[in-house]
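Kindly generate the complete structure, drawing on both the sequences and the hints.
Converting from the sequence shown to the working numbering requires adding 1107 to each position, the first position being numbered 1.
Treat each hint with caution, since some may be false.
[Said to hold, decoys possible] Straight-line alpha carbon distances no greater than 25 angstroms define the calculated DSS-like cross-link-like pairs of lysine-lysine that follow:
hint, residue 1, residue 2
1, 1578, 1595
2, 1481, 1399
3, 1578, 1363
4, 1354, 1310
5, 1516, 1370
6, 1595, 1270
7, 1615, 1481
8, 1315, 1370
9, 1564, 1340
10, 1240, 1142
11, 1340, 1615
12, 1251, 1310
13, 1564, 1578
14, 1142, 1251
15, 1516, 1399
16, 1481, 1516
17, 1240, 1251
It should be emphasised that the hints constitute simulated quantities derived from the structure, not laboratory data.
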Amino acid sequence: MKKKIINIVLLAATVAMTGCNDWLDMSPTNKVSEKIVWSDVNYVTQYVNGFYPYISRYGAFETGDSQVGLTDGLTETLKFGSATPGTNVGFANIIAFAEGGLAASTAAFHFGAWDDTYTRIRRVNEFLYGLKKYGSNFDGDTYKRFEAEARFFRGFLYFQLLKRTPEVILYNEDLLAITENKALSTEEEGWNMVESDLSYAAKTLPAKWDNEAGRITSGAAYAMLSRAMLYAKRWQSAKTAAEEVFKLGYVLMPGKTAADYAKAFTSMRDGNTESILEYNYLVGGPNHSWDKLFMPGGDNTTMGGRATPTQEMVESYELATTGGYPDWTPWHNTTTGTTDTPPYAQLEPRFHASVLYNGCEWKGRALEPYVSGKDGYAVYDDGSALNGRTTTGYYLRKMLNEGYTDYSKACTQPWIAIRLAEVILNHAEACYMLGADGANDDLRQIRERVGLPYSNKSGEALMAAIRQERKIELYCEGHRYWDMRRWKLAHTAYSGQNSRVHGLKIEKQGAEFIYTYVDCDRKDRLFEEKLYRIPLPETELSNNSAVKQFPEWL
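In structure tokens:
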């Protein structure tokens, strides 16, 4: 049967049904009656389709995950080039430095996602309420399919809240039981709801849709469950969910070359055997601006270069084939620099698929990330406009579309929200925490895909290897910052002088290049331990007398 790709749009009727201003607004719509909407399976399908943009909203291409933009910019792996406030501009640096400490209102704004996420949860619960009310209009399989899709999104949304704040307010589809003031749940209650919703979706939805590619599958639900249960520290649940994914036939994409490896996060559907959950974009919308934000300045100096890979990230990549790390000492010269060419050509495929560097080929030209080069170099926070210049000597390559050359158009490469490589790494961590076999085999799969050797490890060395592979494999896919938080490593890694990130200032002199090691932060970073629990927003505190701000934020 010819595939029918889902168009993620809402009917006017759906907008009317789900556009209430608060939880207690139960007034009927004035556009299309509830009975008409719930009597037609096509209307209800479109209603569910309206939840699918949430997949993208919390991904790297949008700002649902944080107002800073890409949260990797809060870590040692990526440097935003601007100090000017603004999403995808300088918010990341303002938060990373946190001079004088972050106020509760600031942290809640940048990280909380509270109000928007609860708006979306309310819409899902309204759907589930209506489904129960009018469920007799549908056969049993159709009813369960609608319920499972909706519960996937509710579990997904509550996961977004719980990874920020262990105690949240739990609402289900019983809208008539909602009270104006409602207390926070316990952490256990919150994770119980997430696990229940995602498990139901995983057990109910098909492994593959015959005629509607792009819908949530059992594999997507199990994969999301494996991710969520790592945050919940429910290791057995995470392990079991990952193993259910492994039964479904997903296969790691080839990775011996950078071009092959890049397809794991740029190709979709039948062209990507690794993709488990994805979101498609169209020129006419929905679309995004990933290339415009991160492409080299030489492509278009009015945009690009917003955030660039750091020297710390570059030095995290191993030598191709043999593994191990090159000696970067010659390129740590902060005074005279060196004319030696860095060992970029010797690094593994994941480096070449993720990072653009001096002299590499890009869009039919050699990259020029040096002083006065076509792409250019700028000192961070020196008062000058970036105009697409790099502050680290590198540009991001990961998920960029090299064929994107008409900068008047929007970007359309897909967002691969979950892929098999992540699930394998989720499984590895769960196995390690359980003391079960499997973690070494998982890491071997990840590394052998890109031609790297692996020798079995145990104890702290094994956990260090798991963390390292997550850092490399999932670079700029929105995991690093949240991983460091859940491991409780962020307050030491991202505070003090040792937290500063670095780059290479490159200057061309004749036929040679001088590489000088530079401090790209120029001040210390600060991650206060209270950031392990994002504060409640003032809107909730003002409107709900049953909750109080967390004491560490008072």
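Hint by hint, here is what the structure shows:
no., hint, verdict
1, 1578 x 1595, "holds (15 angstroms)"
2, 1481 x 1399, "holds (17 angstroms)"
3, 1578 x 1363, "holds (19 angstroms)"
4, 1354 x 1310, "holds (13 angstroms)"
5, 1516 x 1370, "holds (22 angstroms)"
6, 1595 x 1270, "holds (13 angstroms)"
7, 1615 x 1481, "holds (12 angstroms)"
8, 1315 x 1370, "holds (21 angstroms)"
9, 1564 x 1340, "holds (22 angstroms)"
10, 1240 x 1142, "holds (10 angstroms)"
11, 1340 x 1615, "violated (51 angstroms)"
12, 1251 x 1310, "holds (11 angstroms)"
13, 1564 x 1578, "holds (18 angstroms)"
14, 1142 x 1251, "holds (19 angstroms)"
15, 1516 x 1399, "holds (10 angstroms)"
16, 1481 x 1516, "holds (22 angstroms)"
17, 1240 x 1251, "holds (14 angstroms)"
Hint compliance for this structure: hint 11 is the single one not met.
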